[in-house]
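K.L.:
Modelling step: build the complete structure from the supplied sequences, incorporating the hints.
What follows is the residue order along each chain.
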Amino acid sequence: MEKYIVFENAPEQHIYAKIIYHISNLGLLTMIMGFILYIFGVLTPLVPLEELPKYWSLSLTQFLEKTGAPTGWRWTAMLGYGDVIPFIGVTILASVTFVCFLALLFRFLQRGAKVLAFIVAMELFFILISASNLIQISH
Amino acid sequence: MKKSILVKFSLIPSLLLIPTILWAASTEISGMPWWGWPTALFFTTFFMGVFGVMAGIGGGVLFVPLVSGFFPFHIDFVRGAGLFIALGSSLAAAPHLLEKNLASLKLALPTALIASLFAIVGAFLGLWLSALNPVYIHGSLGLTIIAIVFIMLFAKNTENLEVSRGNKLTELLQINGIYTEETTGKEVSWTVHHTKRGMFGFVVVGLLAGFFGLGAGWANVPILNLLMGAPVKVAVATSSFALSITDSTAAWIYMNKGAVLPIIVVPSMVGIMLGARIGSKLLPKVKPTVIRYIVITVLLLAGVRSLLKAFGI
Chain A
1 MEKYIVFENA PEQHIYAKII YHISNLGLLT MIMGFILYIF GVLTPLVPLE ELPKYWSLSL
61 TQFLEKTGAP TGWRWTAMLG YGDVIPFIGV TILASVTFVC FLALLFRFLQ RGAKVLAFIV
121 AMELFFILIS ASNLIQISH
Chain B
1001 MKKSILVKFS LIPSLLLIPT ILWAASTEIS GMPWWGWPTA LFFTTFFMGV FGVMAGIGGG
1061 VLFVPLVSGF FPFHIDFVRG AGLFIALGSS LAAAPHLLEK NLASLKLALP TALIASLFAI
1121 VGAFLGLWLS ALNPVYIHGS LGLTIIAIVF IMLFAKNTEN LEVSRGNKLT ELLQINGIYT
1181 EETTGKEVSW TVHHTKRGMF GFVVVGLLAG FFGLGAGWAN VPILNLLMGA PVKVAVATSS
1241 FALSITDSTA AWIYMNKGAV LPIIVVPSMV GIMLGARIGS KLLPKVKPTV IRYIVITVLL
1301 LAGVRSLLKA FGI
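If you read the sequences in order, they're chains A and B. Counted from 1, the first sequence has number 71 at position 71 by the working numbering; the numbering is strictly sequential. Take any residue in the second sequence, note its place counting from 1, add 1000, and you have its number in the working numbering.
Quick caveat, the hints were computed from the structure, so don't treat them as lab data. Be aware that a few hints might be false.
[Claimed, not checked] Here are the simulated lysine-lysine pairs, DSS-like style, with alpha carbons at most 25 Å apart:
1) A:114 with B:1281
2) B:1196 with B:1233
3) B:1309 with A:54
[What the hints assert, rightly or not] Not everything, but these chain B residues come out facing chain A in the computed CB check (under 8 Å):
4) 1034
5) 1077
6) 1087
7) 1092
8) 1109
9) 1110
10) 1113
11) 1117
12) 1131
13) 1172
14) 1177
15) 1252
16) 1257
17) 1259
18) 1260
19) 1262
[Claimed, not checked] Which stretches of chain B does chain A cover? Using the computed rule of at least three CB atoms under 8 Å from a CB of chain A, they are:
20) 1061 to 1074
21) 1095 to 1107
22) 1187 to 1195
23) 1241 to 1248
Even for Gly, the Cβ is constructed at its ideal location relative to N, Cα and C.
P.N.:
Laid out in C-alpha cells, this is it:
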C-alpha cells in the first residue's frame, strides 16, 4: 500500500520570521547609530578618517599590521574607538541566524522532530566554529 | 504609459553610466577626501539595489564585481562587505517570505547546511589565496562572473513542474510544503526530487559564496527549481531566505580575520537596502526583461574588468 505524504509547512516558520524581524532591525539600528558616532567624530577612531584612504587598498595582512585593527573578538575590549563601535550592530546581524536556530532546536526537540533537530544542531555547530575564531590557517 | 517610458529612459542611462564614471574616477581622482568614496559607494549600492530588484537577481551579486573593479578598496574588504550585504538583504526579506509560506524552512535547512559548511571552506580558501596574490581572486572572480552571466541568460525557470512524490531522502528530511498562489487563490502542494544532486549543487554554491563573498541567488534558484523541481516562487523565496543561513558562517570568518570595515559595510548595506525598497516600488512601472539585460551587460563588463585587473591591465 502506498504511503501518503502529508504536505505541510514547518509550524516554526512564523516564530523564525518574528525573531529575524526583531533582531535584524535591532542590529541594523545599532549598526547605523554606531556608524554615526564614528563618522561624526563623537568617538575617536583607531585609524583617523582622513588617513583611511591610505590603508583601505592594502591587503588584509598589511592593513592589520599598519593599523593595529582588531581581529577575532579583540574588538570587544576596544569599544571606546569610533571604528570599533559599529561592530556591535554588525555582530548582532551576524548572530540572527544563530539565535533563530537555537529557538528551532528547542522546538524540534520538544515535538520529537529528530532529523530536523540534528540538522539544526549541525548548523549551530558550524556557526559556533566560525564565530569562535578557533580555526586558523597559516600563510 | 508615458510615465513608465519616462522612468525606463531615465533609469537606463544612469545604470550604464555608473561603471564608466567609477572607472574614470578610480583612475583620475586620487585626491578625493575620505568621505568621497563611502558617499559614492552609498549611491552606487543604492542603484544596485534598485536595479537588482527590478532585474530579479538581487543586488548582492553585483556588489563584489562592480566595487572590486571600480573602487579603490582591496578585494578582501569588498568580499567581507559583500557577505554582509547578502546577509542584510536576506534578513530584510525573510520575515515576509516565511510568513507567506513562500520561503520554506524545511527546504532551506538541509540545503543551507551543506552550503554554509562549504562557505567556511570557501572563505578560508579565498582569504588564503588572496594573501598569496590577489590576482588569483580577480581572475577567478572575472571568470565566475562571466559564467554567471551565461547562467542568467540561458537558465530559464519553469512553472510547469509537478513533483508528486519525492525520494527517500526527501521524505526523511520532510521536504514539502504548501503555499497559496495569489493570482488564482489556490493552494499549491509541493515536494522536491533529485535531492542528492541538489545537495551537490549547494556544495558549489557554498564554496563560491565564501570564496567571493557573493550572494548566490543566481545559482540557488536554478538548483531548487530546475533540478529539484520546487515551484519557481518557492525556489526564489527560499533562495532569498537561505542566504541568511549560508552567508552567516562565512561572514563570521571574514569578520574574525579583520576583513570587515565599517566604512565600507555600513554605507553599502544602507544603500542597497534603500535601493531595493525603491526598486520593488518601481517594479510594476518598468519592463523587467529590458532592465535584466542591461544589468547582465553591466555584470559582464564588471567580469571583464576583473579579468583585466588580474592581468594588470
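K.L.:
A separate judgement is required for each hint: does it hold in the structure or not?
P.N.:
Hints versus structure:
Proximity of residue 114 of chain A to residue 1281 of chain B is assessed by CA-CA distance (about 42 Å); at most 25 Å being required, the pair is judged violated. Using a Cα cut-off of 25 Å, the hinted pair residue 1196 of chain B and residue 1233 of chain B holds, with the two alpha carbons roughly 22 Å apart. Note on residue 1309 of chain B and residue 54 of chain A: the hinted pairing holds, with a Cα-Cα distance of about 20 Å set against a maximum of 25 Å. The restraint placing residue 1034 of chain B at the interface with chain A holds, with a minimum CB-CB distance near 5 Å, inside the 8 Å limit.
For residue 1077 of chain B, the interface hint holds, since its Cβ comes within 8 Å of a Cβ in chain A; the closest pair sits about 6 Å apart. Among the interface hints, the one on residue 1087 of chain B holds; its C-beta lies about 6 Å from the nearest C-beta in chain A, closer than the 8 Å criterion. Residue-level restraint check for residue 1092 of chain B holds (minimum Cβ-Cβ distance to chain A is 7 Å; threshold 8 Å). Satisfaction of the interface hint for residue 1109 of chain B is found here, the shortest Cβ-Cβ separation to chain A being roughly 5 Å, below the 8 Å cut-off.
Among the interface hints, the one on residue 1110 of chain B holds; its C-beta lies about 6 Å from the nearest C-beta in chain A, closer than the 8 Å criterion. Satisfaction of the interface hint for residue 1113 of chain B is found here, the shortest Cβ-Cβ separation to chain A being roughly 5 Å, below the 8 Å cut-off. Evaluation of the residue 1117 of chain B hint against chain A yields a held restraint, the C-beta minimum of about 6 Å falling below 8 Å. Because the beta carbon of residue 1131 of chain B sits about 5 Å from the nearest beta carbon in chain A, less than 8 Å, this interface hint is met.
Hint on residue 1172 of chain B holds. Least Cβ distance to chain A is approximately 6 Å, under the 8 Å limit. Because the smallest distance between the Cβ of residue 1177 of chain B and any Cβ of chain A comes to about 5 Å, under 8 Å, the interface hint for this residue holds. Annotation: residue 1252 of chain B was flagged as interfacial toward chain A, and the flag holds, the nearest CB pair being 4 Å apart, inside 8 Å. Checking residue 1257 of chain B against chain A by beta carbon gives a least distance of about 6 Å; that is within 8 Å, so the hint holds.
Interface restraint check for residue 1259 of chain B: the shortest CB-CB distance to chain A comes to about 5 Å, inside 8 Å, so the restraint holds. Checking residue 1260 of chain B against chain A by beta carbon gives a least distance of about 6 Å; that is within 8 Å, so the hint holds. The restraint placing residue 1262 of chain B at the interface with chain A holds, with a minimum CB-CB distance near 4 Å, inside the 8 Å limit. Residue count for the region 1061 to 1074 of chain B with a Cβ under 8 Å from a Cβ of chain A: 3. That meets the three needed, and the coverage hint holds.
For the region 1095 to 1107 of chain B, the proposed coverage by chain A is satisfied: 9 residues have a C-beta within less than 8 Å of a C-beta in that chain, meeting the threshold of three. Chain A is given as covering the region 1187 to 1195 of chain B, and this holds because 3 residues of the stretch bring a CB closer than 8 Å to a CB of that chain, at least three being needed. Counting residues of the region 1241 to 1248 of chain B whose beta-carbon sits less than 8 Å from any beta-carbon of chain A gives 3, enough to reach three: the coverage restraint holds.
Of the numbered hints stated above, the single one contradicted by the structure is hint 1.
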